[in-house]
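**Student:** Sequence:
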Amino acid sequence: MKPLDYGFVKLIKMVIAAVIFCTVVTGIAGWK
Numbered sequence: 001m002k003p004l005d006y007g008f009v010k011l012i013k014m015v016i017a018a019v020i021f022c023t024v025v026t027g028i029a030g031w032k
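Just so you know, we're using full-length UniProt numbering here: the sequence shown kicks off at 1 and counts up by one.
The hints are simulated quantities; they were obtained by calculation from the structure and are not laboratory data. Be aware that a few hints might be false.
[What the hints assert, rightly or not] As a list, the in silico SDA-like pairs of lysine to any residue whose alpha-carbon atoms are at most 20 Å apart:
no.	residue 1	residue 2
1	Lys-13	Thr-23
2	Lys-10	Ile-20
3	Lys-10	Cys-22
4	Lys-32	Phe-21
5	Lys-2	Met-14
6	Lys-13	Val-25
7	Lys-13	Pro-3
8	Lys-32	Cys-22
[Unchecked claim] Beta-carbon label-pair distances, calculated as ranges:
no.	residue 1	residue 2	range
9	Lys-2	Lys-32	41 to 47 Å
10	Lys-32	Asp-5	40 to 46 Å
11	Pro-3	Gly-30	39 to 45 Å
12	Pro-3	Thr-23	28 to 34 Å
13	Ala-29	Val-9	29 to 35 Å
14	Thr-26	Tyr-6	27 to 33 Å
15	Val-24	Pro-3	29 to 35 Å
16	Lys-32	Pro-3	41 to 47 Å
17	Pro-3	Trp-31	40 to 46 Å
18	Lys-32	Leu-4	41 to 47 Å
19	Lys-2	Gly-30	37 to 43 Å
Since the model is a prediction, treat every value here as computed from it, not as a measurement. Don't be surprised by glycine CBs; every beta carbon is placed ideally from N, CA and C.
Required output: the full structure, derived from the provided sequences and hints.
**Tutor:** Written out as structure tokens, the structure is:
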């Protein structure tokens, strides 16, 4: 696996984690 591919996968995972985090936070904020 090329370093570029590794960095891309890492970036995708970071974006997904950020989206999930934002969804959870807004969900909790909207639920209260």
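**Student:** Would you mind marking each hint as holding or not holding in the structure?
**Tutor:** Outcome of the hint check:
About 15 Å separates the Cα atoms of Lys-13 and Thr-23, which keeps this hinted pair within 20 Å; it holds. Proximity of Lys-10 to Ile-20 is assessed by CA-CA distance (about 15 Å); at most 20 Å being required, the pair is judged to hold. Pair hint Lys-10 plus Cys-22 holds up; C-alpha atoms about 18 Å apart against a cutoff of 20 Å. A distance of roughly 17 Å separates the Cα atoms of Lys-32 and Phe-21; the hinted pair therefore holds under the 20 Å criterion.
With a C-alpha separation of about 19 Å, the suggested pairing of Lys-2 with Met-14 holds against the 20 Å cut-off. Distance hint between Lys-13 and Val-25 is fulfilled; the C-alpha atoms sit about 18 Å from each other, no more than 20 Å. This hinted pair checks out: Lys-13 and Pro-3 have alpha carbons roughly 15 Å apart, not beyond 20 Å. Annotation: proposed proximity of Lys-32 to Cys-22 holds, straight-line Cα distance about 16 Å (limit 20 Å).
Here the CB-CB span from Lys-2 to Lys-32 is close to 45 Å, well matched to the stated 41 to 47 Å. A beta carbon spacing of about 41 Å between Lys-32 and Asp-5 agrees with the range 40 to 46 Å that was offered as a hint. Our hint of 39 to 45 Å for Pro-3 and Gly-30 holds, since their Cβ atoms are close to 40 Å apart. The hint said 28 to 34 Å for the Cβ distance between Pro-3 and Thr-23, and at roughly 31 Å that hint holds.
As the Cβ distance of Ala-29 to Val-9 is approximately 30 Å, the hint placing it in 29 to 35 Å holds. Between Thr-26 and Tyr-6 the beta carbons are some 31 Å apart, a value that agrees with the proposed interval 27 to 33 Å. In this structure the supplied range 29 to 35 Å holds for Val-24 paired with Pro-3, their Cβ-Cβ distance being about 32 Å. Checked against the hint of 41 to 47 Å, the pair Lys-32 and Pro-3 passes, with Cβ atoms roughly 44 Å apart.
A beta carbon spacing of about 42 Å between Pro-3 and Trp-31 agrees with the range 40 to 46 Å that was offered as a hint. For the pair Lys-32 and Leu-4, the beta carbons lie near 43 Å from each other, so the given range of 41 to 47 Å is met. The hinted range of 37 to 43 Å is satisfied by Lys-2 and Gly-30, whose Cβ atoms lie roughly 42 Å apart.
The structure shown violates none of the earlier numbered hints.
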